[in-house]
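Protein chains in written order, with UniProt numbering: chain A, 1 to 342; chain B, 1 to 342; chain C, 1 to 342; chain D, 1 to 342.
Note that these hints are calculated values from the structure, not bench results. C-beta atoms are modelled at their ideal positions from N, C-alpha and C, and glycine is treated no differently. Be careful, since some hints might not be right.
As the list claims (entries may be wrong) - Here are the simulated distance ranges between beta carbons: (1) B/Gly301 with C/Glu65: 38 to 48 Å; (2) C/Gly301 with B/Glu280: 39 to 49 Å; (3) D/Gly268 with B/Ala161: 45 to 55 Å; (4) C/His334 with D/Lys204: 26 to 36 Å; (5) D/Lys331 with C/His334: 27 to 37 Å; (6) B/Glu47 with C/Gly223: 48 to 58 Å; (7) B/Glu280 with D/Lys331: 35 to 45 Å; (8) C/Ala221 with D/Ser165: 44 to 54 Å; (9) C/Arg328 with B/Glu157: 54 to 64 Å; (10) C/Ser247 with D/Ala80: 38 to 48 Å; (11) D/Gly268 with B/His299: 27 to 37 Å.
4 protein chains.
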Amino acid sequence: MFMLQVGIIGAGRIGKLHADHIQHMCNVRVRAISDVCIAGLDTWASEMGIPVVTSDYHDVLHDPEIQAVFICSPTSTHAAIIQEAAEAGKHIFCEKPVSFSVETTEQALAAVKTAGVKMQVGFNRRFDHNFKKARDVVQAGQIGAPHLLRITSRDPEPPSAEYISKSGGLFMDMTIHDFDMARYVMQSEVVEVYAQGANLIDPKIGELNDIDTAVINLRFANGALGIIENSRKAVYGYDQRLEAFGSAGCVTTNNDRASTAIVATADGVQMDKPLYFFLERYTQAYIQEVEDFVRAVLHDGPIVCDANDGLQAERIARAAKESLLSGRPVKLEHGPATMQHQ
Amino acid sequence: MFMLQVGIIGAGRIGKLHADHIQHMCNVRVRAISDVCIAGLDTWASEMGIPVVTSDYHDVLHDPEIQAVFICSPTSTHAAIIQEAAEAGKHIFCEKPVSFSVETTEQALAAVKTAGVKMQVGFNRRFDHNFKKARDVVQAGQIGAPHLLRITSRDPEPPSAEYISKSGGLFMDMTIHDFDMARYVMQSEVVEVYAQGANLIDPKIGELNDIDTAVINLRFANGALGIIENSRKAVYGYDQRLEAFGSAGCVTTNNDRASTAIVATADGVQMDKPLYFFLERYTQAYIQEVEDFVRAVLHDGPIVCDANDGLQAERIARAAKESLLSGRPVKLEHGPATMQHQ
Amino acid sequence: MFMLQVGIIGAGRIGKLHADHIQHMCNVRVRAISDVCIAGLDTWASEMGIPVVTSDYHDVLHDPEIQAVFICSPTSTHAAIIQEAAEAGKHIFCEKPVSFSVETTEQALAAVKTAGVKMQVGFNRRFDHNFKKARDVVQAGQIGAPHLLRITSRDPEPPSAEYISKSGGLFMDMTIHDFDMARYVMQSEVVEVYAQGANLIDPKIGELNDIDTAVINLRFANGALGIIENSRKAVYGYDQRLEAFGSAGCVTTNNDRASTAIVATADGVQMDKPLYFFLERYTQAYIQEVEDFVRAVLHDGPIVCDANDGLQAERIARAAKESLLSGRPVKLEHGPATMQHQ
Amino acid sequence: MFMLQVGIIGAGRIGKLHADHIQHMCNVRVRAISDVCIAGLDTWASEMGIPVVTSDYHDVLHDPEIQAVFICSPTSTHAAIIQEAAEAGKHIFCEKPVSFSVETTEQALAAVKTAGVKMQVGFNRRFDHNFKKARDVVQAGQIGAPHLLRITSRDPEPPSAEYISKSGGLFMDMTIHDFDMARYVMQSEVVEVYAQGANLIDPKIGELNDIDTAVINLRFANGALGIIENSRKAVYGYDQRLEAFGSAGCVTTNNDRASTAIVATADGVQMDKPLYFFLERYTQAYIQEVEDFVRAVLHDGPIVCDANDGLQAERIARAAKESLLSGRPVKLEHGPATMQHQ
């Protein structure tokens, strides 16, 4: 079996998570990991069986044994590293978003295209069993022509003020997953966005000029309407649901729970709460997205969520912010060929 | 036990439904029923034990034995009959909407206020066991401060073109129930509306300048956001669900089904479809709303959905239409005292 | 419309319940009610619109206006009244069980047969929407050949010691409904019974030589196996479920709840408890069984649960008690024609 | 981190499954694997990174690098290998059942005790998230004193005739998992068994003197009653559910499904079927049981299902068969100390 060697740029939580998953796979190994702060990283890498640790990501990009890189560094660095990685001929897996600027993202993607390397964006939810099933049901025509989409996406608790200040705002940081999910399930481009937001959970978030509660309306090229509901704090756990409704039916997904047990007592009838957060809910999805990327690289196969998917989600996020500020719906232009057949 | 005698004006489907329910109650009887078309009505009334049948509703209004009237005639006649009934000193139960014009409704309600009679508007869904429970959960503070509301409201099939042409449009005919439900559950006034609509089900509906698919965004005085999803055709049955989310939790209601049976075979695992339509789903709610009205009249008690509730729902429907036409959010003004304590 | 007049013998809880339901029906009226203790009954009957009240049930049996009687008196009196009612030519609705002795029941049923009157036994659960659906699924062949049946039947709290002392024991009082349900759903006779019991809830029940917890195994003529689980005390409410499994699938019914609402908070995710007890759970079933009896009498139609059904359930209850005492399975003999086509 | 080296005896489906899981763990490796038939095993072992392949399990037992062995060979060989492994000082993980004879199992366990090695029996379901939750709920006292237990355990299709002929019969092959589950959840020994069986699925199973459908009643030392329902063929998939009921409540577990999606169309409302069979349903449980064994060996910790658990389940299976043949309940004797505190 052919073995792929990869490098990981950025050894934060998500970089380490990918590394851990990769080291348990049979056809791929992490050859190098880089981070600007490498204190303690040696020990961890040694336990994980990763031979090379460096504070300079160029070491990763220029290692001839490495065929693909995982870009898990802060968003502000993504675009530059993508361009360099593309020029170095490495296939690219990049965490979302590519950048906070559509123009910057477009430049980075142009470099990817020129280099002819593959690029996958880390929209892990496309690999979740529930959302994948919803997409398959829609694609199979079981709900007929899509008319309405609803995505409920709520975190169990808000991130730190520091994180929020660098996050690009709710739409770019959190809703971007939902924008991608909307395109993935509906298989049609978003042509109009209207966004409402509120600061209901923590005044500190408002002080950072961000919102913590939002409703975003989407209008799709196929005529359907969509809604995304966001909250930074659902006290009962990570709430990740979706419903697609059409001329022939409706598909509804619910949350995963730790068990199916139902406990009935004199006090009431209780079931488990939803799994706590993304690490619990999307464990299999994180593994699956990497397996899929590895498969695509090794066998020159298609990428499930590619550079254009990253770009489109960012464009919608950008339009949502514009709508929030203006209080009016915002249109998105689409050339005839922006949506690839999937 | 004191016996209330009522008259019913309008012997269409809903008028006959109320009559049937009333005749099965122990403290109220239908004394008279009127309709412009009384062909065959005598026989039916005789079987139901209703002594008086007339083609002139004034006979009902002037019958001294009658203390309350149910106005079930076409919407265009409501306001005038309300005024006459109020002047005649009759308590009033009126089907929704009171009128298609906020001004007309306000005039009618002024007459009610002047006469000092009670008036209930037929928002039967307030009496549904599922929605009532959601409201109680919110009112008890179990979800904390409300942040988000979602109402899913889909009919199993569109009405006839003739009905639609006189319906006042989707918002005034169908969504009006959801507008009332939003106020009922959130216990806060709607201060802004944004509406999107589409004609996806039947082109004939579009030819009548109406829509069959809609998403309506609400902003409440308490800062919460709300969404209503409408479709005129859910092929799997009447879809009536609601979710209210807040700082301390979330309450979600599902559809009622004919049975709890789950059938697992080699082909799949199947449960019953939602109950077909409003007559099936809201049977108990229709009975309950009448019982409540009768109780309020007999014991001079509070009305669960009163004249002002009817007016506010119409105002929101009107604003929604304005938003649909303009493509922009529309604000609603509220004086300090429009929302009554409930 | 032809009007049926009935008499009710025994004005306890169930007699009054039937009277109340009948007075709300359009084709039947209670003409007379009898009870050995008529203190206060006059007032109640007057409010209900029942013209005749008597302490002697013979007055009911000999009233020429009355075509059918509801026997709701204590079990010890059922058999004698059935015989007299049959001789008087009255159709009979009798609460379960007919008697505590199979021989006594057989004598009473012989009188019914001789007189050619109709007789229905009050197995109200046959008319429950969930159990009816399970039966229909089995009858339609959706689960193929039945292999296994499970009935879970638990009360929310035990009856009084006084009630238990006259009840005939758990099998004759409580499980008898489940024995009938087993035959109804499986559409095959029980040919062997094995019963286990325990006194786990209240030692007073054991002092009365009764049990409060039981598992009863059934073997059916069609080769299938069945299980009934009983408890006199489920602290979370009335637990009434059933599952039938066969060569082509499985049908499972769950409890009814007051609403479909699910409330998620930091403490957990909660749904409503099952409806409290039989009056709540089986309201519609009680109405339906009477409507069905009235229909059968008025239109000379078939009886859904007839005298033989009452007899067979008692025979199984008797065998279960024998098994409990002997600690061994007990066989039931069946002639070729005991199970009627239904 | 200390690394455990293990050997696997028997390279059938389950032996290979354990090897695969072990090779993905970070603190344990498979050093050797043996099978009487090693055709093709070399290639597979090489891909898995297993250095030693042998046709003689003694090579595994005498390898000084190996500290623990997984016995995955046919049941008829278990007891002898256990004795030899114990004498060789190896810790033992043995698939169920230890043997088809209680005496043989007792001898093997005596050798384990003498040698002072740890032994775990492969009751993987104890590690299933649903059953583990049910056990935890019972142990935490949430249902109070246990009164009733029900286990529904149905395979999606029967094994081959050849497998059945060597399986030891339904109780020893299939129900043995349920017997162990009953003890695990109820935390009390089984003191009486009554078993009923039938051959309803495939006459070939009857020709092999086995049954394919069964109901087994259990009576526990704590006074509770239990029921196990078995079928060799549930056409809708692997059906693995449990309910424990007690003085303070009830815990019910349901099947796992591939997704939470619900699809509503004009044809009905459908959810996913249960996961197909044990490899799908118990993937995580298989991993967890090995991780737990490794932890117990490395850190000298307790074994979740030990040699005595294996013995007790076999004793119940034996008693069930005796009951099936005699048609009567069979008692099991228990000394005061057979149930270990867990």
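To see whether the hints hold, each was checked on the structure:
1. B/Gly301 with C/Glu65: 38 to 48 Å: Roughly 41 Å apart at Cβ, these two residues keep to the hinted range, so it holds.
2. C/Gly301 with B/Glu280: 39 to 49 Å: 25 Å, violated
3. D/Gly268 with B/Ala161: 45 to 55 Å: 30 Å, violated
4. C/His334 with D/Lys204: 26 to 36 Å: 30 Å, holds
5. D/Lys331 with C/His334: 27 to 37 Å: 32 Å, holds
6. B/Glu47 with C/Gly223: 48 to 58 Å: 51 Å, holds
7. B/Glu280 with D/Lys331: 35 to 45 Å: Violated, at about 55 Å.
8. C/Ala221 with D/Ser165: 44 to 54 Å: 31 Å, violated
9. C/Arg328 with B/Glu157: 54 to 64 Å: With a Cβ separation near 60 Å, C/Arg328 and B/Glu157 satisfy 54 to 64 Å, so the hint holds.
10. C/Ser247 with D/Ala80: 38 to 48 Å: Cβ of C/Ser247 to Cβ of D/Ala80: about 41 Å, so the range 38 to 48 Å holds.
11. D/Gly268 with B/His299: 27 to 37 Å: 46 Å, violated
Checked against the numbered hints given earlier, this structure breaks hints 2, 3, 7, 8 and 11; the rest are met.
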